[in-house]
Amino acid sequence: MKTVFDRTKALTPAAMHYCPGCTHGIVHRLVGEVLEELDILDKSTMVAPVGCSTFIYDYIDCDAQQAAHGRAPAVATGIKRVHPDSVVFTYQGDGDLASIGTAEIVHAAMRGEKITVIFVNNAIYGMTGGQMAPTTLEGQKASTAPLGRDKFQHGLPIRMSEMLATLDSATFIERVSVHDPAHIRKAKSAIKKAFKNQITGVGFSMVEVLSTCPTNWKMTPIESLGWLKDNMIPYYPLGNIRSPKEVE
Amino acid sequence: MARDLMKGNEAIGAAAIKAGCRYFFGYPITPQSELPEYMSRELPKVGGVFLQAESEVAAINMVYGAAGAGARVMTSSSSPGISLKMEGISYIAGAELPCLIVNIVRGGPGLGGIQPAQSDYFQATKGGGHGDYRLIVLAPNSIQEMCDLVMDGFDIADQYRNPVMILGDGILGQMMEAVELKKPKKRELPPKDWATTGIKDKYGKKRLISSLFIQPEDLEKHNLKLQMKYEKIKKNETKFESVYADDADIVLTAYGTTSRIVSNAIKALKKEGIKAGMIRPITLWPFPYEAYEKAADSAKAFLTVEMSLGQMIEDVKLGVNGKKPVHFYGRTGGMLPDQTEIVEKVKKILGGEI
Ligand SMILES: Cc1ncc(C[n+]2csc(CCOP(=O)(O)OP(=O)(O)O)c2C)c(N)n1
Chain A
1 MKTVFDRTKA LTPAAMHYCP GCTHGIVHRL VGEVLEELDI LDKSTMVAPV GCSTFIYDYI
61 DCDAQQAAHG RAPAVATGIK RVHPDSVVFT YQGDGDLASI GTAEIVHAAM RGEKITVIFV
121 NNAIYGMTGG QMAPTTLEGQ KASTAPLGRD KFQHGLPIRM SEMLATLDSA TFIERVSVHD
181 PAHIRKAKSA IKKAFKNQIT GVGFSMVEVL STCPTNWKMT PIESLGWLKD NMIPYYPLGN
241 IRSPKEVE
Chain B
1001 MARDLMKGNE AIGAAAIKAG CRYFFGYPIT PQSELPEYMS RELPKVGGVF LQAESEVAAI
1061 NMVYGAAGAG ARVMTSSSSP GISLKMEGIS YIAGAELPCL IVNIVRGGPG LGGIQPAQSD
1121 YFQATKGGGH GDYRLIVLAP NSIQEMCDLV MDGFDIADQY RNPVMILGDG ILGQMMEAVE
1181 LKKPKKRELP PKDWATTGIK DKYGKKRLIS SLFIQPEDLE KHNLKLQMKY EKIKKNETKF
1241 ESVYADDADI VLTAYGTTSR IVSNAIKALK KEGIKAGMIR PITLWPFPYE AYEKAADSAK
1301 AFLTVEMSLG QMIEDVKLGV NGKKPVHFYG RTGGMLPDQT EIVEKVKKIL GGEI
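Protein chains in written order, with our numbering: chain A, 1 to 248; chain B, 1001 to 1354.
For the record, the hints were derived by calculation from the structure and aren't laboratory data. Nothing here was measured: the structure is a model prediction, and the numbers come from that model. Keep in mind that a hint or two might mislead.
Stated by the list, open to error - Non-contacting residues of chain A with respect to chain B, defined by C-beta distances greater than 10 Å in every case (computed):
(1) LYS2
(2) PHE5
(3) GLU36
(4) ALA64
(5) GLY78
(6) ALA103
(7) GLU138
(8) LEU147
(9) GLN153
(10) HIS154
(11) MET163
(12) ASP168
(13) SER189
(14) PRO214
(15) LEU225
(16) SER243
Stated by the list, open to error - Below, a list of computed lysine to aspartate or glutamate pairs in the EDC-like style, where the Cα atoms sit at most 20 Å apart:
(17) A/LYS43 with B/ASP1193
(18) B/LYS1200 with A/ASP58
(19) B/LYS1271 with B/ASP1201
(20) A/LYS43 with B/GLU1341
(21) B/LYS1192 with A/GLU248
(22) B/LYS1200 with A/ASP39
All C-beta atoms, glycine included, are put in the ideal place defined by N, C-alpha and C.
Based on the provided sequences and hints, a complete structural model is requested.
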């Protein structure tokens, strides 16, 4: 029998703990496939965040360090400076990267650390039960914004990719989405380039992945995909913001 | 061996490099900035990395990453910066990573001042960060001893997979003394086969550095394992100096710079025929409680002298265990204990006036 699809060897056989319809699993798979295809699984260390994806080290089969909430880019900096020939990446949610860890991500980008950052933006705090994130959209309800995000009280959501792209050392920045198969393919291509950007020694790279959280959005998985497309993409435009010639 | 005249902060750097430390992550703060400055000059010469982080929070997390990746690594700061490092220190202790943290203490609380103090004793020895963890705290009283403890400190950290803190003060950081960089006593250091190098180990197994144990049964097991390690450290590493403490009428306790002032006070008292001695803890955690067992029977009273308003005195009281009165004299805010005031205080205590 011909095998047409198989689990990448970068993923362990463990059953993931994510809620039905959560797209963290898709992003894990994309990262895993890229690690396998670039043949870097056996030279990679990942830094796990605090958030729903804390247990990513149970699913991706490479060395890992668990970081404090928001500090993954600093931890990755320490690892990469010790093993400059290895591949180091962080995987962070929007509470982790865009709120408590803003200083760490901005300065890792400013220093041009040769690390890759996978930034999963689901516009909410998933793990702690649906509190407002800095990326929560205007009007979007959250357990700490029961009437919806109010621009006069909370300000308007932060666009991390655009903000980091103002830093000249942030050499590869792209925003992608995983709400349908065509976009998932594009997301994978961006993740691959982001890792190439590190391997070729160009510098810092980040892929922002728009993602769903059906449980805390209080929607079905299908509704969530539609909501992402109709509401998140208009505010968080997809596309490459910066890419050096080395990875194209 | 040749001895070099060195400023305390720079001597720490020289000792660290000699001990094989190749990674330094820090953030400027007075009165320790000469140390990162020294490392920024000297580490690249030996193929090492100096990185000025965006904050102490980031610096200690870089230390976490580098230590987890198997490196000999350190950071340094002074009181307000150490407060920021406490989150990372708890994670480092939880994940059992070896590293050296230097605190050149200045007066607090808050922004406080920039003059020497010993008011971070509680923070260093009783927690500071969250959770059931212990930091090994070494308190030198000269530049030479500081170099010795820095060099041994890296080995202690590696031997027990535990963070080690050098607790100095602004005077030790700023003053100059002659030093000789001597190799510490040899220790059996376990291989760092747990370090994340990115390359799987020879059995093809991946490694994980983490302090997360989501099941309470697992976390309790982990904490009990840490506790067993701490007991071993208490047994093996407790260190103190005893000066005439066995047949003194009054035993003073002081550490670091303060112990030198107390030494002079004891000499002055001796000239007047007053039998005073001193117990000088060199490890603040583990604290040398056993040093007080005999002295608590033979001495009439105890006096603790600190550059704070009384922090170590709580441990001295635990050591004396209620057998004799424990008095206190301290200065705070960057002011130094005064030798004549110590002498006066001792006379008043022995004269029954207090
Ligand atoms: C210092 C600290 N503050 C708060 C928390 C609690 N906490 C855990 S996960 C989380 C939010 C995570 O949200 P996000 O980064 O968006 O990831 P998601 O769970 O949505 O994937 C918070 C606030 C913590 N663990 N540590």
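So which hints don't hold here, by number, going up? 4, 5, 6, 19, 20 and 21
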